[in-house]
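Top line first, the protein sequences correspond to chains L and U.
Just so we're aligned, residue 1 is where the first sequence starts under the working numbering, counting upward by one.
Just so we're aligned, residue 1 is where the second sequence starts under the working numbering, counting upward by one.
I should point out that these hints are in silico values taken from the structure, not numbers from a laboratory.
Please note that the accuracy of each hint is not assured.
Where chains are identical, the list cannot tell them apart; a pair therefore holds if satisfied intra-copy or between any two copies.
[What the hints assert, rightly or not] Using 30 angstroms as the maximum straight-line C-alpha spacing, the simulated BS3-like pairs for lysine-lysine come out as follows:
1. 438 to 388
2. 46 to 178
3. 140 to 454
4. 135 to 68
5. 388 to 268
Number of protein chains: 2
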Amino acid sequence: MLRLDYNNMMEAAVGSRGITEAELEALQGRFADAHTAMVSKRAAGKMDFRDLPRNQIAAAEEILDYVKETEARADMDVDAFVLLGIGGSALGPMAVQQAINNPYYNELSLEERGGHPKFYVADNVDPERLVYLFKTVDPKHCLFNVVSKSGSTSETMSQFMIIKELLERELGKEDTRKRIVCTTDQSNGNLIKIAREEGYKTFYIPAGVGGRFSQLCPVGLLPAAFCGIDILELLRGAAEMDDVCKRGNVRENPAYMYAALHYIAMGKGMNISVMMPYADSLKYISDWYAQLWAESLGKRYNTRGEEVFAGQTPVKALGVTDQHSQVQLYAEGPFDKLVVFLGVDEYREALTIPKSFGDVPSLGFLGGVTHNELINVERMATEYALQKAGRPSMTITLPKVDERGLGQLLYLFEAATAFAGELMGINAFDQPGVEEGKNAAYAYFGRPGYEEKKKELDARPAKSERYVI
Amino acid sequence: MLRLDYNNMMEAAVGSRGITEAELEALQGRFADAHTAMVSKRAAGKMDFRDLPRNQIAAAEEILDYVKETEARADMDVDAFVLLGIGGSALGPMAVQQAINNPYYNELSLEERGGHPKFYVADNVDPERLVYLFKTVDPKHCLFNVVSKSGSTSETMSQFMIIKELLERELGKEDTRKRIVCTTDQSNGNLIKIAREEGYKTFYIPAGVGGRFSQLCPVGLLPAAFCGIDILELLRGAAEMDDVCKRGNVRENPAYMYAALHYIAMGKGMNISVMMPYADSLKYISDWYAQLWAESLGKRYNTRGEEVFAGQTPVKALGVTDQHSQVQLYAEGPFDKLVVFLGVDEYREALTIPKSFGDVPSLGFLGGVTHNELINVERMATEYALQKAGRPSMTITLPKVDERGLGQLLYLFEAATAFAGELMGINAFDQPGVEEGKNAAYAYFGRPGYEEKKKELDARPAKSERYVI
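Generate the whole structure from the sequences, applying the supplied hints.
The structure is reproduced here in structure tokens:
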């Protein structure tokens, strides 16, 4: 199992910005209340993401069959799996793919990829992205996975519309049908309606599971399976972590403790939380986590309707790389952040530095050292330097980056986020703050029903040339 | 030229968290002092990065000749250019490559790449990275660019040692020599010494130019040229921006105004600055900028030696993608950030959404819209939503993402960072805070001269199992 080490969050290690035993003790009542809420919400079907590790096994098996069939179909010849999705629909699949597979996956041969297709994600609506993609892979040899729970995500649906028309023009309706697979709600929204009318293969997002908590349902499992990732192991790891995260005692529950430490740190003015994996393979975990933490906890109102403007800003870093970019600020800047290191006990490859320049002082000591040691020692050294500078940090260590460990890690962060929401007294599962921007865009394009918003937009004062250089 | 629009930084647009005319006026004296310092430091040779756009033209021409020669050499057959460097040596080259070239560059054919080699950066010392890289490209067909000013960067030098040994074993010393090109200081450090002994081709980093300000010297120019990027246009754009950034009046100088607005915002509690390009091509500009801003301004002491713990944490975001990840927090969370949008007037490709689902309310309005409009309207809508929520932002717009515009943008941020350093009264050009971690790592590995640090490390109290779950 992964482990959480929070020695360096404590006052004993980092001094006055650290957390005390007394502070942890004083919150016992609140921890107990939050735990009770977690248990009762789960029982009431209001925390459905928690059941995915167990209730998605059947879906995972269906996915594995579908992948096997599709890859075997001579009439399809799937060269690339292209995911059309944004937000949680894209961040989780990218994080898992990067964690498990060769970082240069798409440059490997079919054989080196284990017979699996290349993997691309088209999340942004930058016009250059799809054009460049289709200069690189032939859309007629792709499988497109359209992922949108509501079926009304403008970015994803517009990409779907472009690709559907392109394929139908080039391949006809029959051949297009088999190249589109949808992941969406089982009964609500446009996408399920379109999928049924068109006869697209479909996988379902459980009704109570939102985008950023959807990695362990078909949203994440389908793309992972097409990349040869063992999705049953992913679920197994998550289920193991679920068992641990059921514990009522904060001191025995890494998700609860993770959330509690962040909650106390926020109260001490740490409005920034840095996620710093020491492994290239875990780099995109920070991106996935940044959505989870930011969108879940960044809220104007608490559940009692009071204005709180809550939240903590997640920052993505990468060790050792960002020692040469961000650590200067972390060590010497404002006392406004805590750092979460992600470490790995055993990397999948080993590399030894030769004893080439024994007589050069700044190089000689490197001879015979492995990169495996070097990266872990640099993590220890950075942790130590931050500790000496009075900056709190904690370290989550994975024994190895594999599907099981990854399932544990993803689930840990999801449970921690939900518990943080309880401690903060906010709803961690909505995102009302994105509506204003969506509505303004709808209004601009003249979508029916947004006439009032259009008037509001048109009534904006013009920008002053005084403030343009 | 690019333009800076800061209407939405002002109180008139965003209310009480905005900046007032009176605040700008009150700082005129400080602006004037900072400008004087900028001018006199430049004249005294203490801001050498500012002269690169003009004094690196000869180096750029030498680089272009070297690229042409190398690519034409039948005995080399360079399939990939591999950069060994970390921090500024890696972030700038990656940002420029991603901005100008196809995002799937390495998957294109040699012809589609204009005859140029593939491009890889090995910055991290994750042991998996180089192993996977050499499963993907044959090191015997690579050109390795070792970039380290001091020649003592452990990460870069250890990679160099591994690769040198590997090549010499497989190719012999003669053939290895032509596959290694160094970018380093002209006279100091190990790398120049080794390069001369071994007979490696070498380009020089001007003595007064630090890593994060080095994109417009051979550190950035050599890899860019090998990717077919017009480095003379890059310098030309930077020189144009230098002319603009010489202006003493803050209101006419976008770099000064950028810094001034950030400086005032910091004083109002905005300890976070988000960089959010609305273009996939500019995504990595945020990574490069994050080092520049964080490492330059995150300082414990001011230039008078007083403890200030200064700095502002840069956050990397991407539009529209992060509207589905971070904007909820930006709109509803704490009033602790300002957002810098990067916009583009004219994308290099166009894509129109077909009129496929005219009768579906949430899709019909998209028919006939281009992705070019969609991404720009979503930027406008997000800016508007943040403005309504009282969150300050500014927008830098590039007419087009090309070498000239990019040169302007990079130079703008560098000059702004230097000016911000003056306003804050700190030294923007050092990084003393990274020494502690480096020294601890040296000590761990038993590097001679670090015996005291080793004792200190060994004397650390063991971590308590009480704080490990």
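Review point. Going through the earlier hints one by one, which of them does the structure break, listed in rising order?
Key: Of the numbered hints, 2 and 3 do not hold.
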